[in-house]
Amino acid sequence: MDQSEFEALLARFAEGKVSEQERRQVDSWLTFGRFTGREYTEMELEGKAGLLAKRLPFAGKGIRLWKVIASAAAILVVGLGMWMYWDFGKPAQFSESYANDVSPGTTGATLTLADGRKINLANASSGEVAKQAGIMIRKTADGSLSYEIKPSDMPSEDLGAVNTLSTGKGETYRVKLPDGSIVHLNAASSLTYPANLLSGGKRSVSLQGEGYFDVAKDKVHPFIVKTAGQTVEVLGTHFNINAYGDEPVTKTTLLEGSVRLSSASGGRILRPNEQAAVSASGMDVKVVDTEEVSAWKNSEFLFKEDDFKANMRKIARWYDVQVIYEKDAPQNFNIEGFSSRARNLSFILKMMEKTGKVHFRIEGKKVYVSK
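According to the working numbering, the sequence shown is numbered sequentially starting from 274.
You may find that some hints are simply not true.
Straight line, CA to CA, 16 Å or less: simulated EDC-like cross-link-like pairs of lysine to aspartate or glutamate [claimed, not checked]:
1) 490 <-> 519
2) 475 <-> 491
3) 404 <-> 415
4) 638 <-> 573
5) 577 <-> 562
Read the hints as simulated data drawn from the structure, not as lab findings.
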């Protein structure tokens, strides 16, 4: 691969337009690549830094990309314009295997029908998995769930048939609802909804855990998402809700459109890039990096703003492990970094260890944290 091909691949990678094979290739190069040198102007350096700023291997907070990312041996700038890039013909060797390790999560969920039947979707074959009141529920070839109903057959009243789609720790799933709205469920989450989605003239669902919503537009039937302590109402938009019971706040983040959020502490209309954090003490709204919030949907870990323990809770859910903090374990601090969620647990922890702030030990399904 020559220099121009390398730069084109990096650009596609930064924009999220690469295949899974290319993603793994770049991820490996960024972390364990070798270097040769070539001069770039300062402007070029800043531009190239911008391409990768949100997709770094793990590095300490506050380190500017165009100066150094030594912890991951990714990109090193020396002096006034030396850009170090990879000798692709001689890839560095590195083993991701450790004495104790945990495989990443996978696609899977359980669908509970109105009559109490439970369907393990990981084991179900593609095609029809159930049928309720004329609504066909199918598992698609790509492993997601789809509710299919002809608009002419859409019941105008509530069916009373409630379904629940739930993921365990280490599972994620995608469902296409009867109106065309798409919901991605993160690990240890559940979505409850009428089979035809209608309830009292509205499209209504209840969420526990975390979900990313791509809501189909329908001015006649508002889309309602209920979680513990809040209600979100939209007509058509993209947003993410993090409502895990072990998190101190419920976070609603808007990526596109607008949503109306209501809670005991009041109401608020969110604009793109705003996040509302709701707790018993009130509501706090701020502008956030939406790419970090939705990274999980793209099978990525992107750690930037959340503190260390919040990131460890994400890891615990995805790898289905228990995190145990030893007496000398560091308290909250920030780690910035990026990795595919397809990596084994040991890879993620080793990258975090490169900051020099924390150490991990894996014993079965337990992760011990120390200084």
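Against the structure, the hints come out as follows:
{"no.": "1", "hint": "490 <-> 519", "in the structure": "violated (32 Å)"}
{"no.": "2", "hint": "475 <-> 491", "in the structure": "holds (10 Å)"}
{"no.": "3", "hint": "404 <-> 415", "in the structure": "violated (20 Å)"}
{"no.": "4", "hint": "638 <-> 573", "in the structure": "violated (21 Å)"}
{"no.": "5", "hint": "577 <-> 562", "in the structure": "holds (9 Å)"}
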